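Position chain B relative to chain A; hints supplied.
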Amino acid sequence: MSLGLALSLAGVAIAALFGGIGSAWGVAIAAEAAGGVMTEDPEKFGRLLVMVALPGTQGFYGFLGAFYIMMKINFLGGAAAVATMTGLQLLFAALPVGLVGLFSGYYQGRASASGVYLIAKRPEEMGKAIILPAMVETYAVLGLLATILLVSGIPLQ
Amino acid sequence: MAVIPVEKINIVATKVAKGPIISFLQKAEIIELREICPPDIQHCLILPREQELDDELAMAEIKNALEFLDKMSNKKKGFIESFLTNKEKIDEEFFREICHEFDYRSIVAQLKELDARLGNLQNLESRLRKALQTILPWSTLPVKLNMLKRPYLCITPVVIPAKNLVTLGDETKKNPLMDLETVNTTGDKAYVVIVHKTCESSQVNEILALAGGEIAALPFEHRTSAEEIAEIKKILRHSAQEKKEIMSHIHEMQKHSRPLSCVYDRLFEEVQRSHASQKMAETSYTFVVEGWIKKRDFEKASAGIKNISPASVVTRVEPEKDEQAPTVIENPKIFTPFELITKIFGMPDYKQEIDPTLPLSGFFIFFFGLCLSDAGYGLLLLLISTLFLKKLELPTGGKSLFILLAVGGAVSILVGIFTGTYFGFDISQAGDFAAPLKILKLFDPVNNPLQMLVFSLGVGVVQILFGILLKMIEEIRCKNYAAALLDHGLWMYFLSSLVFMVATMAGNPLAVKMTISGAVLLVLTQGRREKNLIKKLVFGLLSLYSTTSYLGDTLSYSRLLALMMTTSIIGTVINILAVLTRDSVPFVGYVIMVVILLVGHVFNLIISVLSAFVHSLRLQLVEFFSKFYSGSGKEFQPFRRETKYTIIIN
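So the sequence lines, in the order shown, correspond to chains A and B.
Sequential numbering from 581 applies to the first sequence in our numbering.
Sequential numbering from 856 applies to the second sequence in our numbering.
Isolated chain A, as found in the complex (with noise of 0.2 Å):
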C-alpha cells in the first residue's frame, strides 16, 4: 500500500471518527435527558425521540464524508494508486466534517435537551424546540459541505 492511499485512508477515519463521536456524545446529552423527563411523562416517547435523533446527523454527514472520500479513490472498486501529496490533500480536506461534527453534535446534543426540556412542560411547543437545535447543525451542514467542495475539487494523480 503507498504512502497516498494510508494518508486518504486517514482522512476517511477522520470524517467518520469524529463524527460519529461527535453525534454518540450529542445523542446520550439528549438521551439522557429524555430519559429524565420520561419518569414522569413516558408518554411523550415519540416526541422525544425525534429531539434525541436530532444530534445523531453528524455521525451521517462524517460517514458521508468518509464514503465520499473512498468513491474518490474508488476504494471499494480496488484502490487506485494515489499518490502521497494526494493523499495528504484528502487528510485534510477529511478535517472540516470531522472536527465540526465531533463539536457541533456535542452541542446540539446540549441544544436538545433543552427542547426536551421544553416539550416536557409544554409538548404543544414541538415547532419551536426542533428547530433550535437546527441552528446548531447548520454548522456540521457546512463542514460537510466544505469536505465534499474540497475532494471533488483535488486532482488525482
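Hints in this document: simulated from the structure, not taken from any laboratory.
Small disclaimer: the values here were computed from a predicted structure and weren't measured.
Backbone N, C-alpha and C define an ideal beta-carbon position, used for all residues, glycine too.
One or more of the hints may lead you astray.
As the list claims (entries may be wrong) - Straight-line Cα separation of at most 16 Å, EDC-like style, residue types lysine to aspartate or glutamate; simulated pairs:
| hint | chain 1 | residue 1 | chain 2 | residue 2 |
| --- | --- | --- | --- | --- |
| 1 | A | 708 | B | 1034 |
| 2 | B | 1499 | B | 925 |
| 3 | B | 926 | A | 623 |
| 4 | B | 926 | A | 621 |
| 5 | B | 1198 | A | 705 |
| 6 | B | 1029 | B | 1061 |
| 7 | B | 1206 | B | 1490 |
| 8 | B | 930 | A | 623 |
| 9 | B | 1198 | A | 704 |
| 10 | B | 1176 | B | 862 |
| 11 | B | 1018 | B | 1069 |
| 12 | B | 1499 | B | 943 |
| 13 | B | 863 | B | 1152 |
| 14 | B | 1254 | A | 704 |
| 15 | A | 624 | A | 705 |
| 16 | B | 1206 | B | 862 |
| 17 | B | 926 | A | 620 |
| 18 | B | 1499 | A | 620 |
As the list claims (entries may be wrong) - With the Cβ distance kept under 7 Å, some of the chain A side facing chain B (calculated, not the full set):
| hint | residue |
| --- | --- |
| 19 | 644 |
| 20 | 647 |
| 21 | 650 |
| 22 | 668 |
| 23 | 707 |
| 24 | 710 |
| 25 | 714 |
| 26 | 721 |
| 27 | 725 |
| 28 | 732 |
Using the frame of chain A, we list chain B on its own:
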C-alpha cells in the same frame, strides 16, 4: 390568503338571557372575549364561584379515577399511537344523556376506595415478603420466638459470614457459660444461635463485632419460626386472593371510563362558561359582553343574539388606542397545512404584517423535495403519508403534517427523476430499458456538486429577494413610502445587481455599473435619519456592511445541496453493502441482502425526512422570515367548547 379583518363587538342584554347567550357564543365559536371592568358600570360580581370550585374539584377527582383506570387497563400505547388523539367521538344527545344519568360520585368514590385498598395490600405484601425473607433461614429453629429472650437466659439468633464461623466459635468457647449452635447455612452466610446469660448480652455484642456478625431481627411471636412462616404465607395467599378480587372488580369498572370522560368534559364546559361569565360585566338587570369578532361574522352574531333575546343591543365599538387586535389567518384549502409553519413561528401582527403562509408554501415544499431528492423515497413517503391520513384519526396538527409530507414526497419524486436517483440507485447505470428516465436526469449532485451548489445558492437569492419585496409591500401598505423605496427597494436593486455581477464574473460592464450605482445610492440614503452630515455619510457607509449578512443568509442555502447528497449517498452505500453481502455470503446471501435493503432504506428514509423537514423549515423561519416578518401577532382564540377526553358531534 391573508389576515382576516376583525372588529370589536359589544353586546348588552338582559340577565335572564345570560345563560342562553353564553351557550350560543360557545357553540358558535366566533367571539374572543375581552375582560371588561369599566368604572361606570356597577360591577356586582356575585358570580357562582363556589360552584366553579366544586366543579374543578370534581374534575380533579374524575381525572384521578380515569388515570387509575387507565393504569390498570394494561393497554400499551404503540409508538404511532402516542402521536394520535385519544379523544373519543360521541354524539351530543348521547353525551347529555350520559351526563344526566350517570352517578359519577359513587363510581369515583368506589374507584378511590379500590385504589386505597390496592395500595394497602401492596404495602402489606412488601412488608410480609421482607419479614419472610428474614425468617425463612430460621425455619428449623424449634423454639417459640417469644421464648428467645428470657429474664436469665437468652438464645440470640445471629447471621454471620460463613467464613467467620470459626472465629465466633473460638470466641464463645472462652466463656464456659456460652454455647453456639448452627441452625442453617446458605451460600456464604451462616445462621447460628448463641445461648448465653441475659446479663452477658453486652459481651455477645462485643464478640459479634469482632466476628463480623449481626443479630437477626426475628418477630416476637408466640410461635416457632416454622409456624410463623406458615402464618405469613397464609396471609400472603389471602392478600393475593383479595388483590385478584379487586383487580376483577376494577376490570369490571373499566366500562365506566367512557361515562366518566363525558362527565369530565361536561364539567369542563361548565367551568369554561363560568370563566367566560367572569369576563363580562353586570348591572342589576343587564350584562355586557365585549370581544373581538371577524367582520363577516358580526351579522351572524347579532342575529343569533337578537333571536335569543330581542331586547339586547349589539354594536360595533372602536378599539382603544394601542389595543392589539388578535389575528386570524385564512388561506385556500390546499394551503392550510402550511399554516402549521406560520404558527410555529408566530401569527402575523394584525395591523402591519401580511400572512406569510402562501409565500412560504412553495419554497418550503420545493426545498423539502430538493433535500429528499429521491424518486423512490418520495413515492414511499407519499404512500405512507396517504395511508396514515386515510387510516388514522389524527389531530389537526398531525393531519397538516402528513399532508405536508405527502406533498413533499410528490415533489421529491419529481426532483428524484431530474437527479436520476431511485432508492439510492443511479439511473445512468441502468440498462437500456430506462432510456427515457436517463434523458430526464438533468443534474448529478454527487459527481458534479458545484452545479447543484450554484443552483441551491441561486434559489436562496431568489427567496431572499422575494422576502425583501414582501417587506416593501408591507411598508407601502403602511404608507411608509420612503422606507419602501429607499431601504428595501434600493437593497433589492443593489443585491440583484451584485448577483448579476458575480454571475458574470465582473465581466459585464453594465453589471459593474449597476452595482456601483446601487452602493453609492445606499451610502447616500441609509444615513438619512441622522442630522449631522458626517454622521449621515458614516452611517451610509456602514450600512453596506449588511451585505455580509445577506451573504451569510445566501450561503445557508448550500444545505440544500448537502442534504441532497446525504440522502443519495447513504442510499448508495446501503445498496453497495447489500450487493457485497449477496456476493460474499454463501446460501443465505440473498436473504441478508433483502434484509439490509429493507432496514437500510427505511432507516435512511426516516433520517432524511427528518432532516429535510427541519432544514426546509429553518430556511423559512430564519432566512426568509427575517426579511419581512416578526410574527408578533396574537392568535384569535374564540370562546368555544374545549374538551379533554371526547369529541362531541352534533
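Is residue 926 of chain B within 16 Å of residue 621 of chain A, Cα to Cα?
holds (13 Å)
Just to be careful: measuring from the Cβ of residue 732 of chain A to every Cβ in chain B, is the smallest value less than 7 Å?
This interface hint holds because 5 Å falls under the 7 Å limit.
If you draw a straight line from the CA of residue 863 of chain B to the CA of residue 1152 of chain B, is it 16 Å or shorter?
holds (11 Å)
Check whether the Cα positions of residue 926 of chain B and residue 623 of chain A lie no farther apart than 16 Å.
At roughly 12 Å apart (the allowed maximum being 16 Å), residue 623 of chain A and residue 926 of chain B satisfy the hint.
Tell me if the straight-line CA distance from residue 930 of chain B to residue 623 of chain A falls inside 16 Å.
holds (12 Å)
With a cut-off of 16 Å on the C-alpha distance, tell me whether residue 1198 of chain B and residue 705 of chain A pass.
holds (10 Å)
Residue 1206 of chain B and residue 1490 of chain B were given as a pair; does the straight-line alpha-carbon distance stay at or below 16 Å?
holds (13 Å)
Do the alpha carbons of residue 1499 of chain B and residue 620 of chain A lie within 16 Å of each other, as the hint requires?
violated (20 Å)
Hey, residue 624 of chain A versus residue 705 of chain A, does the alpha-carbon distance stay inside 16 Å?
Answer holds: residue 624 of chain A to residue 705 of chain A is near 13 Å, not above 16 Å.
With chain B as the partner, please determine if residue 644 of chain A meets the hint condition of a C-beta pair closer than 7 Å.
holds (5 Å)
Does residue 1034 of chain B sit within 16 Å of residue 708 of chain A, going by the straight-line distance between their CA atoms?
violated (75 Å)
Hint check: is the beta carbon of residue 714 of chain A less than 7 Å from a beta carbon of chain B?
It holds, given that the least Cβ distance between residue 714 of chain A and chain B is near 5 Å, below 7 Å.
Figure legend: structure checked against the earlier numbered hints; hints not met, in rising order: 1, 18, 21 and 22.
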